Structures are given as structure tokens and as C-alpha cells.
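There are 2 protein chains.
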Amino acid sequence: MAKKNKKSLFNLKKKKFNKKNHKKKQQQDCYCLGLGPKMINSINIALKEGDDIHVRKIVEGLSEYELADLIEVLDIGSRKKLIEILGDRINPEVFPELNNVVQEQVIETLEEPQLVKIANELDSDDVVEILEHMDEDEQHHIIEQLSPDLKYQVQSSLSYPEDSAGRLMTREFVSMPDDWTVKDAKEFLLRNEELPEDFYDIFLTDTKYHPTGQIALDKLLRAKPNQRLSDIMDGEVVPIDVDTDQEEVAHMFREYGWMSAMVVDKRGHLVGVITIDDVVNVIHEEVSEDIMHLSGTEEGDVYRSVFSIFKSRIVWLVTNLFATIIAASVVKGFQEIIAQISVLAVLMPIVASMGGTTGNQTLAVVVRALATKELTSHNTLRVIGKEFMVGLFNGMLFAFLIAVITHFWFPEHQMISVIIAVAMLINLTIASLAGILIPLLLNRLKVDPAVASGVFLIAITDSGGFFIFLGLAKLLLF
Amino acid sequence: MAKKNKKSLFNLKKKKFNKKNHKKKQQQDCYCLGLGPKMINSINIALKEGDDIHVRKIVEGLSEYELADLIEVLDIGSRKKLIEILGDRINPEVFPELNNVVQEQVIETLEEPQLVKIANELDSDDVVEILEHMDEDEQHHIIEQLSPDLKYQVQSSLSYPEDSAGRLMTREFVSMPDDWTVKDAKEFLLRNEELPEDFYDIFLTDTKYHPTGQIALDKLLRAKPNQRLSDIMDGEVVPIDVDTDQEEVAHMFREYGWMSAMVVDKRGHLVGVITIDDVVNVIHEEVSEDIMHLSGTEEGDVYRSVFSIFKSRIVWLVTNLFATIIAASVVKGFQEIIAQISVLAVLMPIVASMGGTTGNQTLAVVVRALATKELTSHNTLRVIGKEFMVGLFNGMLFAFLIAVITHFWFPEHQMISVIIAVAMLINLTIASLAGILIPLLLNRLKVDPAVASGVFLIAITDSGGFFIFLGLAKLLLF
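Protein sequence lines correspond, in order, to chains L and V. For the first sequence, our numbering gives the first residue as 1, with consecutive numbering after it. For the second sequence, our numbering gives the first residue as 1001, with consecutive numbering after it.
Hints were generated in silico from the structure; no laboratory data involved. Among the clues, some could well be false.
Stated by the list, open to error - Here are the simulated DSS-like cross-link-like pairs (lysine-lysine), alpha carbons at most 25 Å apart as the crow flies:
(1) V:Lys-1224 to L:Lys-219
(2) V:Lys-1151 to V:Lys-1081
(3) L:Lys-219 to V:Lys-1038
(4) L:Lys-224 to V:Lys-1186
(5) L:Lys-183 to V:Lys-1183
(6) V:Lys-1219 to L:Lys-186
(7) V:Lys-1081 to V:Lys-1048
(8) L:Lys-474 to V:Lys-1048
(9) L:Lys-151 to L:Lys-117
(10) V:Lys-1224 to V:Lys-1183
(11) V:Lys-1224 to V:Lys-1266
(12) V:Lys-1373 to L:Lys-80
(13) V:Lys-1048 to V:Lys-1080
(14) V:Lys-1038 to L:Lys-373
(15) V:Lys-1266 to L:Lys-186
(16) L:Lys-208 to L:Lys-117
(17) V:Lys-1117 to V:Lys-1081
(18) L:Lys-224 to V:Lys-1224
(19) L:Lys-266 to L:Lys-151
(20) V:Lys-1219 to L:Lys-224
(21) V:Lys-1311 to L:Lys-183
(22) L:Lys-266 to L:Lys-332
(23) L:Lys-80 to L:Lys-117
(24) V:Lys-1311 to L:Lys-219
(25) V:Lys-1219 to L:Lys-219
(26) V:Lys-1219 to L:Lys-183
(27) L:Lys-311 to L:Lys-80
(28) L:Lys-186 to V:Lys-1186
(29) L:Lys-332 to V:Lys-1186
(30) V:Lys-1332 to V:Lys-1474
(31) V:Lys-1186 to V:Lys-1208
(32) L:Lys-186 to V:Lys-1224
(33) V:Lys-1266 to V:Lys-1208
(34) V:Lys-1474 to L:Lys-332
(35) L:Lys-38 to V:Lys-1373
(36) L:Lys-373 to V:Lys-1219
(37) V:Lys-1151 to V:Lys-1183
(38) V:Lys-1311 to V:Lys-1080
(39) V:Lys-1151 to L:Lys-224
(40) L:Lys-183 to V:Lys-1373
Keep in mind it's a predicted model, so treat the numbers as computed, not measured.
With the hints as constraints, model all of the structure from the sequences given.
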């Protein structure tokens, strides 16, 4: 079955489930296909009772999508038990369908010989994905046991850096010399038994194997037999370098609406093809990463164990602890005046928090604009200027609002209305500037701005807010 | 030019720029193609000097990608001037390439007759995108002046809800009865002059126009002439309902690795086709929206005016102001004990801030998991349990850390180490729970959890943190 469904050029996973399943699916809140609560319940019971035969029987009829969904939906313990029971009898096509985190857990559960058997049934890109989770020793062991063809493909893919075009591309594509005729091409397609199972374009090269153009199959179908391919091809080609980062590749696809692109090595030879369906996953991963990084978490927490989630979140929390301790030290410097006018302690968190919120708004915009390359050398200065103005305007608005509120809330402390208003104005303006300057600086230092900006920002807006508010109070009230 | 490049089934934007441009591009940090800083400079000068002829001359040779990039890179004032100078001589193909925000600004600058002229050169999906920015009256005016074919297509597209499959699909696709032979099909493709310019699949229906399968062109090319289409087609079809939300559509494409899908109306008739390149944009938009919503901003702020950005961020800041005022009110209730032990004011922001950070981590994970449908009725309870445990463990770890820090920082207040530790434990646990329960609740109430969760969370973690810490202090120290 795996062989038959083997994915090819377009990595195309065909629609496997029927209309009946589809109906069922729409009534549920998840994409569990035929998996009703009943079924999940019965497999859980069978797993708990150690009834391996019953487990295998339930799983038997499931498609790779359904089995992948089932594995994902189980808790970690049951997940491992299920994999142990299935062993290498698990349909290899299930692996590419699994969430990354779950895939790693499943791989850890399997023995090396089982993994080799499964890997030998998969496409090279899926094998590479599996190997990426392992350390080099384990990788090496498995690669040595792959079939020669697969071994070569996997090794050459792994020779390119992670997240590069070289890793993303497929080596299974249809290419021809551009001086063939349409008739030559059609005959080649009819006679050649080793073509990828699905392909939508034919890629053309000169005699030195430099890419010169491509032809979509519909053009070929409708062309006259004696026409030269070079006469009907789309010849304006932008080859992608094997080392290009996948985020860059995704950006080019989106920017120019490509369906496919040719990848060349350092000598300019055609070595692979990237198609839009590969790019869909890249876009999804990269943007999700940004969201997670902005709040100091990782993808796939839904599937992780408590301890693994706990560990992954500590770094962020510890750095945040430092940031807040710095802010607290600022407050400590004003302990005496707080003891005398405790209203200051009531109002100071407002200034700090509004600063943090303002800065975070700018931060989110800038991190995204950097990722989508909307922020370039041409407009950086202008955008900094705009964010400064927005911070200033927001500062003025909220200075006014908080002054009025404080005036009525603490009528016995008239001067504090003025102090909090000025502090708000200054802190919100600083926060806006920090929200754009911090990610820009980190980006220049080649640090992912989504990962590290937040902590610096909070350190500035909290400490800054406390310092300005309490400092002004000390200056004006004592 | 516009006519020639008219996009078709696959909405394919061909590679227009040559290798020279590509080289240049790679040296820059932006995708401005041939647009060097020199060129941008000279157009800015020409715009400032009102030298319309020179402006037109500079712009003349640019491709639609280059012109779109140029328009995006200018500031708002110059952008409008450029559009006024170009008027309806602007290449219509530029419009689909523009960022949404910029597109709206450009449309506002153009007169109605200019817009009609431009719209008549575009594909229906691009026209619909332009019309979506307008109010109904304006929409109606423009639609009435479109060519009959386009008018019909635009009207039927607009009859479906925004962000639905009906809006996303194209009406230009190749379909045939499934009882035709391969020979029939090939002859039809050769003889028919009105086919879309690019297509990769042929969609098959029965005599009642219900979808029954599809054939990729490579299969057709390699099939024997007398085979029936129904014998070689991929017959396991999941038709998408016209009313399906585009986020749902994108999810199905990603989940099942589709390249295309058929869309049916309420009677089950094939009315359109969605292809993967349409889905790329949807994925990008929806995920970006989530990031922006989580921090209370909107997409495209890079291109907006200061006042427009300022306005768009106010709502979020005002709600945050309320949240912090609630927290401040909590502190106000403990004013007297703060006046007596001002160390409390120094330490209280730490408890609140750590709660906020912990809660935000959970929030980001849950909002994403809801969007990607990883959080379903099958695992919600388990994930809640896990987040509770993670919060508890983090609470214990940071309770210990802060107790030690406080012990050495304020050796004269031994009891406060205990108090802050307990407060930290409780607040971090509550924060984790709030981080999952708030978005789940909002989701159930059909409110977008990305938009509204943050404010509720901050209200709980700030107020909660202050209340627990100061309340414990009052209980134990007085």
C-alpha cells in the first residue's frame, strides 16, 4: 500500500476518504475523519487492558490520515503503547502526516530495525524529516541500512543546511533538453516508466544542464508536434540557490505567485525542484514559530508531556524574572517616598503596564514586518518616525485620561494627577520607540527578534515606567 | 499587456524579471527587484518637483511587480501623488500585487471611471478584492459598468459570504463528462479556444454536473486513447461547500496535502475550483491575523498613516487601561499596609508580572491550537490538566527562586520570603489555568480568542497577583 501511494513530484497526498466519512467529519469539531468518540474510547480501553489483538483489529482498516489523527489524539502513554503494539507493521505513510512533536515521540518508541524497515518505504524528504530528529550517530546507523537509491538521495539532502532550499527541494522531477520537439517530449513521457507519479511541469535545460525554461503540461498538450520546446517554454527563469533559506524561498513564491521553481547548485546546474505545496508547510511553520517565540513557547505543546512543556518554558520565565527584579530594584530606590505617599504604589503599575502594552503592539507589527520583508532599508527610518508619533499621540491621549481618572479617584493628591500624566506620556513614547528599535537591533545582530525582543521591552517599559513616575513624584512632591 | 498576462485557472503570475535583475535583488535586503535607492530617490524628487513627465518616464519600463514594490515603498503622500499622475494608465496587473492596505489607499485616490477601466482589464477575483474595500453604493456603481461577462462573475462571487469558499474559488476551470474517452478529452483540449491559460487538472462530472473525479494532466498524457476518463480518474472526491469558511478550506488543504479541490453549490453541482496557490494567501493572512490580534494591532501598519495606526490601537489600550485600573483598585485596598511595609510595593510587581508571562505562554499555545484544530473535544480536558500541572510546577520552581532572592535581598523581612513564595505559586497556577480557560470560553461564545483573551488574562493575573500577595501579607504580618 505504501509503495502504491508513494508520493512523488508534487508530494501529492490524494483524497483517500469517501463521502460518508466526509459527512461524519463535518458534524464533529475535529478532523478525525471516521474516528468517533466511541472508537477512541474503545481503543483506549483495549490499550489499557493490554488487548493487543483487539487494538490491531481496530486500527487495521484506518487510512494513514485516520491513524495519524488517532495517534495524535491519544495521550502520551497510550500513544507509546499503540506504537509498541503496531511496531513496523504501522503504515509508513502515517509518519509524514504526524505533527512534528508526535513524530519524534513515535520515532523514539521504535527500535532501529523497525525504523529502517519503515524508512525504506518512504520518500527521501520524509526520511530526512525523520532523521532530523536524531543525533548524528543514530542518523548514520540508519542511513547505512537504507536501499542504495534512497541512501544517496537522503545523504545528498542532508548535505545541505537545515531549512535550506536544498533540503526542501525534490530530486524527482521531469527534465528535458530544450531543443527537443513537442513530439519528442510526448514520446519520452509515454515510453519512460520511471517518471514521478504526479507532475505538472516539465523543466528544460541546455546541454550543460543549466535551467533555461519550463513548460506546463497544458501547453504541451495543446502544442503542435513539430514545435521546439524552447519555442513554447516559459523562458524567464529565476533559479533558486541550494543554500537559500526556506523562509526566503517561501517569500519569493508568495511575492511572485509561483507554482514551482528550479533549484541550482553552485555551478548553476539544475539539481531539484521546489513546488508550492512544500512552501505551504514552510509558511505555516515559520509564522507559527513567530507567534510562539513572541510569547516564549514552542509549537506542539498540545502533544508534549507536562515535564517537557515545563522545561521548555523555564528559560523565558527566568529571563522575565530578571527583568521584573530590575524593575523592582527601581521601586526599591523610592521605598521611602512610597512609605509616605502610598497612593504612588497604587498608581505605579498603571504606568508600567500601559507602557508594556503599547510597546508590545509596536513589537508585533515590527517582528511581522521584518519576517515578511515589508520593513526594508527604504522605509525603516520612516516607520521609526511613525511609531514615535503614534507613541506620542497615545501618550497624550492616555496622559489626559489617566489624569482625569486620578483627579477624581484621589482628589486629595492633585499633584499626582499631573505626575502620572507626564509619566504616562513619556513612558508610552519610549515604549513605542523601544518596540521598534529593539527588534531592529536584534535583527542586525542576527538574533531572531521574535525570540528575544519581549524581555528587553518589558525590562525597559516596567523599569522606565516606575522610574519616571516615582522619580517625578520625588522631584515634585518632596 | 494586461490582457496578455491575464491570470487564469492557477492565478499564475509568471516570472517576469530576468537574471540581471535577480542578481541585483540578491544584493539588496528587499525584494525591490530593479529598484535601487537611486531610482527611488529620483522618483521622490520628481514627485516633489511635480515633474509629471519625468515621473511617467521613470515608471514606464517597470513590470507590475516593480511598480507595486515602488508604490509600497513610497510614503503615503508620494504614493497618492504617483497614482494621481498615472491615473488609469497604471498597469492593472499592479493591483493584485499590492498589500491590502496600500491597495485600499490607491483605490481611494482613483476616480470612478478610472477604476472601471482598470477593473475591466482584471480577473474577477481581483476585481472582487478591490470591491471588498468599498461600501455597497460604490460597489454597485462600479459593477454596473463592468463588461457583461465580468459583471456576472463578480456578482456571483459577491453573492457568497466574505472569506468563504465561494469567494475563494475560480470559475475558470476545465471540466468534462466522466464518460468521455482519453481521445475525446485530448481533442476537446486541442480544439477548444476558450480554455483557461494555465490548468493542471481536469475535473469530471456526471450528467447531472455532480463532481465524480479529477485527472491530473500527466495521467491524461500517458493514458491510452480509448480508455474512459472514469477509469483513469482519481475518483475519491471531497467536494467543498460554497459556504465553507476559507480558514476551514486552508486547513483541509494542509491536512490532506491537496493541490486542488472542487466546490459545489447546495444542490451538489460543481461551481468552481480552489487551487493551492489561493490557499497560500489564506494561510498567510489567517496566521498573521492571529499574531496581530494577540497584541491588539492590525496588519499593514507599515503602510498606514500615523493617525490611522493611532486610531486602530486605541481600543486595545483602553481595555488594557481598565484592566490595570482594576488591578490598581486591588492595591488601593491595601494602601495602609503598604504605607507600613513599603517592601511590599517593591515586590508586588514581580508576582503580577510573572503571572502575566506564564499566562501568556499558555494563551499563545491555546490560541494556535484552536486555530489549527489541534485542540478538540477529544483532548481539551487533558490539555487543561497538563497546563494546570505546568503552572503548578512553574509556580513551585519560581516560588523557591523568589523566596531565596527575597531572603537575601530583604533579610530584615523573613516572613515576606514565605509570603511571596506562596503568592507566586498560587498566581502562576491560576495564570496557567486562565491562559487556557479564557480562550476556550471565548471560543465557545464564538468570540475570536486571539482578539479578546489577553485583556481578561492580564486583569486576572495582575489583580490576582496583587490580591494574593498583599492579602497574605495582611493576614500574616498584621
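Going through the hints against the structure:
{"no.": "1", "hint": "V:Lys-1224 to L:Lys-219", "verdict": "19 Å, holds"}
{"no.": "2", "hint": "V:Lys-1151 to V:Lys-1081", "verdict": "30 Å, violated"}
{"no.": "3", "hint": "L:Lys-219 to V:Lys-1038", "verdict": "40 Å, violated"}
{"no.": "4", "hint": "L:Lys-224 to V:Lys-1186", "verdict": "13 Å, holds"}
{"no.": "5", "hint": "L:Lys-183 to V:Lys-1183", "verdict": "17 Å, holds"}
{"no.": "6", "hint": "V:Lys-1219 to L:Lys-186", "verdict": "12 Å, holds"}
{"no.": "7", "hint": "V:Lys-1081 to V:Lys-1048", "verdict": "9 Å, holds"}
{"no.": "8", "hint": "L:Lys-474 to V:Lys-1048", "verdict": "50 Å, violated"}
{"no.": "9", "hint": "L:Lys-151 to L:Lys-117", "verdict": "13 Å, holds"}
{"no.": "10", "hint": "V:Lys-1224 to V:Lys-1183", "verdict": "8 Å, holds"}
{"no.": "11", "hint": "V:Lys-1224 to V:Lys-1266", "verdict": "36 Å, violated"}
{"no.": "12", "hint": "V:Lys-1373 to L:Lys-80", "verdict": "22 Å, holds"}
{"no.": "13", "hint": "V:Lys-1048 to V:Lys-1080", "verdict": "12 Å, holds"}
{"no.": "14", "hint": "V:Lys-1038 to L:Lys-373", "verdict": "20 Å, holds"}
{"no.": "15", "hint": "V:Lys-1266 to L:Lys-186", "verdict": "41 Å, violated"}
{"no.": "16", "hint": "L:Lys-208 to L:Lys-117", "verdict": "38 Å, violated"}
{"no.": "17", "hint": "V:Lys-1117 to V:Lys-1081", "verdict": "20 Å, holds"}
{"no.": "18", "hint": "L:Lys-224 to V:Lys-1224", "verdict": "19 Å, holds"}
{"no.": "19", "hint": "L:Lys-266 to L:Lys-151", "verdict": "22 Å, holds"}
{"no.": "20", "hint": "V:Lys-1219 to L:Lys-224", "verdict": "20 Å, holds"}
{"no.": "21", "hint": "V:Lys-1311 to L:Lys-183", "verdict": "63 Å, violated"}
{"no.": "22", "hint": "L:Lys-266 to L:Lys-332", "verdict": "60 Å, violated"}
{"no.": "23", "hint": "L:Lys-80 to L:Lys-117", "verdict": "19 Å, holds"}
{"no.": "24", "hint": "V:Lys-1311 to L:Lys-219", "verdict": "51 Å, violated"}
{"no.": "25", "hint": "V:Lys-1219 to L:Lys-219", "verdict": "15 Å, holds"}
{"no.": "26", "hint": "V:Lys-1219 to L:Lys-183", "verdict": "17 Å, holds"}
{"no.": "27", "hint": "L:Lys-311 to L:Lys-80", "verdict": "21 Å, holds"}
{"no.": "28", "hint": "L:Lys-186 to V:Lys-1186", "verdict": "13 Å, holds"}
{"no.": "29", "hint": "L:Lys-332 to V:Lys-1186", "verdict": "82 Å, violated"}
{"no.": "30", "hint": "V:Lys-1332 to V:Lys-1474", "verdict": "13 Å, holds"}
{"no.": "31", "hint": "V:Lys-1186 to V:Lys-1208", "verdict": "22 Å, holds"}
{"no.": "32", "hint": "L:Lys-186 to V:Lys-1224", "verdict": "13 Å, holds"}
{"no.": "33", "hint": "V:Lys-1266 to V:Lys-1208", "verdict": "14 Å, holds"}
{"no.": "34", "hint": "V:Lys-1474 to L:Lys-332", "verdict": "20 Å, holds"}
{"no.": "35", "hint": "L:Lys-38 to V:Lys-1373", "verdict": "20 Å, holds"}
{"no.": "36", "hint": "L:Lys-373 to V:Lys-1219", "verdict": "39 Å, violated"}
{"no.": "37", "hint": "V:Lys-1151 to V:Lys-1183", "verdict": "35 Å, violated"}
{"no.": "38", "hint": "V:Lys-1311 to V:Lys-1080", "verdict": "21 Å, holds"}
{"no.": "39", "hint": "V:Lys-1151 to L:Lys-224", "verdict": "35 Å, violated"}
{"no.": "40", "hint": "L:Lys-183 to V:Lys-1373", "verdict": "48 Å, violated"}
In summary, the structure is inconsistent with hints 2, 3, 8, 11, 15, 16, 21, 22, 24, 29, 36, 37, 39, 40 from the numbered list given earlier, while agreeing with the others.
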